[in-house]
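Engineer: If you're matching positions, the sequence shown starts at 1 in this note's numbering and goes up one per residue.
Simulated from the structure, these hints should not be mistaken for lab results. Quick caveat: nothing in here was measured; it's all calculated off a predicted structure. For glycine and all other residues, C-beta sits at the position ideal for the given N, C-alpha and C. Hints may be right or wrong, so weigh each one.
[Said to hold, decoys possible] Lysine to any residue pairs mimicking SDA-like chemistry, simulated, CA-CA at most 20 Å apart:
1. K90 to N180
2. K90 to E131
3. K75 to T88
4. K89 to P191
[What the hints assert, rightly or not] Derived Cβ-Cβ restraints for the label pairs, each shown as a range:
5. D169 to N70: 15 to 23 Å
6. N192 to A140: 14 to 22 Å
7. T111 to N70: 22 to 30 Å
8. N192 to Q80: 34 to 42 Å
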Amino acid sequence: MKPIKSHRLQPSDDEDGNNDDPNNDGGNNGNDNNGNNGNNGNNNGGNNNNNNGNNDLPGDELVNGQYDINFVVLKDGTDQVSVMDDYTKKPATLYVQDGSYTVDLTLTNSTWYQDLTIEGSGPTVISEDSEADERVVRFAVDSLEERIDAWVHIIVTGIPGFNYDNEYDVQILFDPDSVNLVNTDGEIPQPNPSNGGSNNGGNQNNNQGNNTQNNHGNGNGVQTILTTMA
Numbered sequence: 001m002k003p004i005k006s007h008r009l010q011p012s013d014d015e016d017g018n019n020d021d022p023n024n025d026g027g028n029n030g031n032d033n034n035g036n037n038g039n040n041g042n043n044n045g046g047n048n049n050n051n052n053g054n055n056d057l058p059g060d061e062l063v064n065g066q067y068d069i070n071f072v073v074l075k076d077g078t079d080q081v082s083v084m085d086d087y088t089k090k091p092a093t094l095y096v097q098d099g100s101y102t103v104d105l106t107l108t109n110s111t112w113y114q115d116l117t118i119e120g121s122g123p124t125v126i127s128e129d130s131e132a133d134e135r136v137v138r139f140a141v142d143s144l145e146e147r148i149d150a151w152v153h154i155i156v157t158g159i160p161g162f163n164y165d166n167e168y169d170v171q172i173l174f175d176p177d178s179v180n181l182v183n184t185d186g187e188i189p190q191p192n193p194s195n196g197g198s199n200n201g202g203n204q205n206n207n208q209g210n211n212t213q214n215n216h217g218n219g220n221g222v223q224t225i226l227t228t229m230a
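Working from the sequences, and respecting the hints, build out all of it.
Structural biologist: Here it is as structure tokens:
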């Protein structure tokens, strides 16, 4: 992890014959009516703009609540879409509390994800669905407009004759203009890693998360994980 120009139509001489005679009451009435219509149009336009503004508030003006937000996963240091983007579900869920941002992101083909870090730390596993092969992870972000650095280790399984084992850096870029308010409860659901999935899957993900956090907690950063998995 996108203005419409308004055009004022001018009537032709044939369409507005009353304008030829300034003393003609019909011409005056026509002008008055046109003016009123113009005022109504302006008012309606203003209302529409206000409504749009409520849906697309800048990040620092978002009220507490739950939102949907689109994103794209980019290849490291580029504007090219990463393959990882295809294995995420959109939109992501954004929680806003007093100016703090928390994101829940759904990973598809989640068994392929051997490890994942966001800004050097392992995200929290919120839920796991082994039947759908999906996992929801949670992480905090400081800004909705800055790229979020991530690192992922992928091993593709279940495809005969196809072997893929790779680790790479990516960036997650959110689209602030796509923010859509879902509710204003302000409550962030508590993690439930085994929700909809097997206990083994939940335990495995918790262990991976603990190992990742321990590595980063020692100040070793992503480089240590890359070295141990190489």
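Engineer: Taking the hints in turn, state whether each one holds.
Structural biologist: Comparing the hints with the structure gives:
Taken as a hint, the K90 and N180 pair is honoured in the structure, with Cα atoms around 13 Å apart against an allowance of 20 Å. Distance hint between K90 and E131 is fulfilled; the C-alpha atoms sit about 19 Å from each other, no more than 20 Å. Taking the CA atoms of K75 and T88, the gap is about 14 Å. The hint holds against a cut of 20 Å. Restraint check: the Cα-Cα separation between K89 and P191 comes to about 18 Å, which is no more than 20 Å; the hinted pair holds.
Distance hint for D169 and N70: a CB-CB separation of about 22 Å, consistent with the stated range 15 to 23 Å. At about 19 Å, the beta-carbon gap between N192 and A140 stays in the expected band of 14 to 22 Å. As the Cβ distance of T111 to N70 is approximately 25 Å, the hint placing it in 22 to 30 Å holds. The hinted range of 34 to 42 Å is satisfied by N192 and Q80, whose Cβ atoms lie roughly 35 Å apart.
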